[in-house]
Amino acid sequence: MEVTEQMIQHLANLSRLSFSDEETKAFKNDLQGMIAFVEKLQEVDTTGIQPLQHMGDAVNVLREDEIQGSINRTEALKNSPIKDDTFFKVPKVIKK
Amino acid sequence: MNLMDKYQIVIGLEVHAQLQTNSKLFCGDSIAFGAEPNTHVSPVTLAHPGTLPKTNKKAVEYAVRLGIACNCEIVRYNYFARKNYFYPDLPKGYQISQHTTPICKGGYVTIQSTEGEKQIILNRIHMEEDAGKSIHDADDFYTCIDLNRAGTPLVEIVTEPCIHSSEDAFQYITELRKLVQWLGVCDGNMEEGSLRCDANVSVRLKRETTLGTKVEVKNLNSIRNVKKAIDYEAERIIGLLEKGEPVIQQTRSFNADNDTTFSMRDKEDANDYRYFADPDLAPFNLTEEYIQNIKEALPALPAELKHTFTTELGLSEYDAANICEDKSSADYFHSVAAINKHYKAIANWMLGPIKQYLNEHQIGYADFTLLPKTFSSLVNLVQEGKVNFSVASQKLLPELMKHNQDPATLAESLNLLQVSNVNELEKWVDEVIANMPDKVAEYKKGKKGLIGLFVGEVKKVSKGQADPKMVTELLQKKLS
Amino acid sequence: MFSYTSIKEYHSFLGTNPDGCMQAVKHYIAAIEANKHLNAFLEVFADEALQRAAELDKQRTEGQTMGRLHGVVVSLKDVICYKGHKVTAASKILDNFESVYSATAVERLLAEGAIIIGRNNCDEFAMGSSSENSAFGTVKNARDTSRVPGGSSGGSAVAVQADLTMISLGSDTGGSVRQPADFCGIIGMKPSYGRISRYGLIAYASSFDQIGIFGKNLADVAIALEVMSGEDNFDSTASSKPVAHYEEHSHKLITGKKIAYFKQVLDHPGIDPEIKAATENYIQTLKDKGFIVEAINFDWLDYIVPTYYILTTAEATSNLSRFDGVRYGFRSTEGIDDLNEMYKQSRSKGFGKEVQRRILLGNFVLSSGYFDAYFTKAQQVRKLLSDNTATIFEQYDAIISPTVPAPAFKLGEKSDDSVAMYLADIYTVYANLVGLPSISVPLFTHSNGMPFGLQLMTNHYEEELMFALSNSFLAK
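Chains as they are written, first to last, in this note's numbering: chain R, 1 to 96; chain H, 1001 to 1480; chain U, 2001 to 2476.
Hints are not guaranteed to be accurate.
To be verified - Pulled a few chain R residues facing chain H out of the computed Cβ check, cut under 7 Å: (1) ARG16; (2) GLY48; (3) HIS54; (4) ASN60; (5) ARG63; (6) ASP65; (7) GLN68; (8) ARG73; (9) LYS89; (10) VAL90.
Said to hold, decoys possible - Negatives, chain U to chain R, calculated, CB over 12 Å: (11) THR2005; (12) HIS2011; (13) ASP2019; (14) HIS2037; (15) VAL2044; (16) PHE2136; (17) THR2138; (18) ARG2143; (19) ALA2219; (20) GLY2256; (21) GLN2264; (22) LYS2289; (23) PRO2405; (24) MET2450; (25) LEU2474.
Just so you know, the hints here were simulated from the structure itself, not pulled from any lab data.
For each residue, glycine too, the CB sits at the ideal point set by N, CA and C.
Chain R on its own, in the form it takes in the complex (with noise of 0.2 Å):
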């Protein structure tokens, strides 16, 4: 199939990534690479087979309901980029 460039943009957007136009470019034609590559998978028949959604043999592994592991807020913001000592912070939604 073809990918276009507003393939890229519309998959850019989803990312939350965005790119120059060469960049937009280049990645359309990795990205028609990586995709006929991929295509291969259409050759194999795949009617009425489960697809398989969970690797292991773990099934039913619940925790009790029990209060642990919270860390002091000190903690929890330490990393954060922009903060005070209550909240993290990111720009408003909508630009003013």
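We have chain R already, so just place chains H and U on it with the hints.
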């Protein structure tokens, strides 16, 4: 032509209820309301690199409990999916949800509507984690993020679009709220946000079978506001249809200041959530035994109890409905009724003086300290004529509330026992007759209504202790 | 002069050397310094390691019981969280991030007395097969510094290869431990999916990832596996199957087992002729040793890498959404007016190109309209592969193959062609697709001087057999 006859409003309601567990759905942080921001957080809540979820077994139990109570089909094989989107109060950049594979399918909730009993059909109940809070007005330049709420267990209860009036919507939320509180799975507090409702409203011509364009209304933080929002939306949409203008599919927010709605975002902003089964969470199977155990442990539901109280215990519909308003009230009645057969009297007490006491002290039956056996003795005292009702409710009850004790002994010590001894009564009756010769003469001449006056006087003179029934008989005998 | 061969010998040495741990740590700190040009380490916890060594020496000489990994020097791939220490996934987006908790695997190592000496360089977010995708420079193969060490756990492999640590931890999602082990001439193993808790392993592809172990000595690797394995309250996918005595089995010599190899693997057009010949000769050697070795048909070879890339990029794109600059990591602030701009700039500047490519591909295969054709399809193929695997293990005890079709390539040789790089994984991704334990054992040397190995896979949770067989293969 009445517009309401021309059009049909179609409403679907999505309610999010926070489950009353101790800890979050996928990790051990507390979910208690009102904590300092960002103090109920762990590396898992913060979505630190390398962290993983693990499902809270109590949350599953509560979801199943609710599903059984709503007559849903309980799905045996369960797993969670990731709903992918970016928002600062969604730490992982995806929400773990059962949106695509709900734990409960179908079901219904019974409501009393103006047209009689109705079943509001459910589409599903599924579990998911709550997001944190974005606070937009705490700072001029930034939105502040509090992640205490992120990860709180929710169930989302979705109706079919089968509600056709705002009144029915009101009743449904009322019933649902009562039910979740009754079951102990959610405290139903809409002001604190532990119960939230979104309404999907569309309008079509009455004869149409296809649905009209759907508008979603959010930010409904009280049951009354749900009704108001639906009323406003219905009117707005009908207005557009009448003018031939298009109805845009969008999400609107309710403005509680003026009871209107305004547009939040249009469909163009709709996300592709790219749902896929979360590989970090093992699937879980609910066995027949597991479901049966929960079913058996379920408390009798309001409708069932009401039925028992009316058919087996002879309470009126009105009394039974009031007693069954909430579970602690119904439980209390039940425990007293187990040891005392004066059901009507018990109901009268509960709906009268006790209700008044509870209101004055702003508590519920859960905090009501009068033991059922003490209460039962009190009821019996009145039934047996040893104390009259007003003395019992106004004088004995307050004392018993201070501490539980035997009401008969208390009445005696306070000299409140009703006197039924004829000799004693005669003394008082004679005294009153002697003191009111004019009234007695009028009575003898035919003013039989004055008997009440004489009884009242005897009551005064006996400091309330005279058995009014016997006094009345004595007076009638003596004045005939 | 301190020298190391195995944990067993080291513990003997410690018995007669009261400052043995200090000697070891000093030795490795110096070795790492002397080999800086290999770029295997992003950070050395020198002071801390010396302090811990001193404490351990004191405890031991005071007569306290020694843990199974007492004084053992371990390095961690830069995707494994260690409380109070930086971890960056070799990415700018986590530059300066300090972990607030330790991976379960790390806690278990520490509980048995291990000394964590530093964090190893790797491909960014474990995405790569050469360790050329790090934001902090390429890792070089110590055997030939013009060549790659393999990836993504290149730094961890070189750390063991060049004697900069006793054992190291990596992560293996499609071969990222086995392939570098092969390129560097050491032992590298990936346990069964779910054998070691993933809590604290920065996630690349959740249903493929496992922490893997590098060592020069089979018993060492086995002890480390024993210590780290087992169920974990923080990982729902960790198996509750009992942990066997892997170390004990790593000393066994066995024969007579039935071993399969895939015809199509040896006939693959991309296989280096020397590797093919060496493997075929070795098959004969095994038969001479008393093993039953048979070729079987494997029609899936052309499909396993596409299946792998569809599923891993899908899981990865979702796993990497948390890197948004809000609660930690790099945030772009210049000229940022609103939230979405902040997300886009932070992530675009913070993630390297290969990571961005995989994020895009992952979102592509998950997106509405393509989900069924790609993602669901790949999950169906995975199911077919799993069923096929079960059938194979009804007849056979193990599967062998070359680990990689070609020996370590030159730096820069494949970095322009993503797909060519992906194909280097062709023999290793199978074990991750179906969750099998797999080990690469260094047995051969190429005429170009580079080492290469043999890959051995056993059935799920049969690591004991895998160790016994490996030991038997390595035995002269």
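Structure-based check of each hint:
1. Interface restraint check: ARG16 (chain R) against chain H, minimum CB-CB distance 5 Å, threshold 7 Å, status holds.
2. The interface hint given for GLY48 (chain R) is violated, since its Cβ lies 19 Å from the closest Cβ of chain H, which is over the 7 Å cut-off.
3. The interface hint given for HIS54 (chain R) is met, as the beta carbon of that residue sits about 6 Å from the closest beta carbon of chain H, less than 7 Å.
4. Hint on ASN60 (chain R) holds. Least Cβ distance to chain H is approximately 5 Å, under the 7 Å limit.
5. The beta carbon of ARG63 (chain R) comes within 5 Å of a beta carbon in chain H, closer than 7 Å, and the hint placing it at the interface holds.
6. For ASP65 (chain R), the suggested interface contact is upheld, since its CB lies about 4 Å from the closest CB of chain H, less than 7 Å.
7. Residue-level restraint check for GLN68 (chain R) holds (minimum Cβ-Cβ distance to chain H is 4 Å; threshold 7 Å).
8. With a cut of 7 Å, the hint placing ARG73 (chain R) at the interface with chain H holds, because the nearest CB-to-CB distance is about 5 Å.
9. Look at LYS89 (chain R): its Cβ gets to within about 4 Å of chain H, closer than 7 Å, so that hint holds up.
10. With a cut of 7 Å, the hint placing VAL90 (chain R) at the interface with chain H holds, because the nearest CB-to-CB distance is about 5 Å.
11. Every C-beta of chain R lies more than 12 Å from that of THR2005 (chain U), the closest at about 35 Å, which supports listing it as non-interface.
12. No Cβ of chain R approaches the Cβ of HIS2011 (chain U) within 12 Å, the least distance being about 34 Å, so the stated non-interface status holds.
13. With a cut of 12 Å on Cβ distances, ASP2019 (chain U) stays outside the contact zone with chain R, its closest approach being about 36 Å.
14. With 12 Å as the threshold on Cβ separation, the claim that HIS2037 (chain U) sits away from chain R holds: the shortest Cβ distance comes to roughly 31 Å.
15. Distance check on VAL2044 (chain U): its Cβ is at least 22 Å (rounded) from any Cβ of chain R, clearing the 12 Å threshold; non-interface status holds.
16. Listed as a non-interface residue, PHE2136 (chain U) keeps its Cβ farther than 12 Å from every Cβ of chain R; the least gap is roughly 19 Å.
17. Even its closest Cβ contact with chain R, about 20 Å, leaves THR2138 (chain U) beyond 12 Å, as expected for a residue assigned away from the interface.
18. No Cβ of chain R comes within 12 Å of the Cβ of ARG2143 (chain U); the nearest lies about 31 Å off, and the non-interface call holds.
19. No beta-carbon of chain R comes within 12 Å of the beta-carbon of ALA2219 (chain U); the shortest separation is about 27 Å.
20. Against chain R, the non-interface label of GLY2256 (chain U) holds: every CB pair exceeds 12 Å, the least being about 28 Å.
21. Here GLN2264 (chain U) stays apart from chain R, with its beta-carbon at least about 15 Å from theirs, past the 12 Å limit.
22. No Cβ of chain R comes within 12 Å of the Cβ of LYS2289 (chain U); the nearest lies about 33 Å off, and the non-interface call holds.
23. With 12 Å as the threshold on Cβ separation, the claim that PRO2405 (chain U) sits away from chain R holds: the shortest Cβ distance comes to roughly 16 Å.
24. Annotated as non-interface, MET2450 (chain U) keeps its C-beta farther than 12 Å from every C-beta of chain R; the closest such distance is 27 Å.
25. Even its closest Cβ contact with chain R, about 29 Å, leaves LEU2474 (chain U) beyond 12 Å, as expected for a residue assigned away from the interface.
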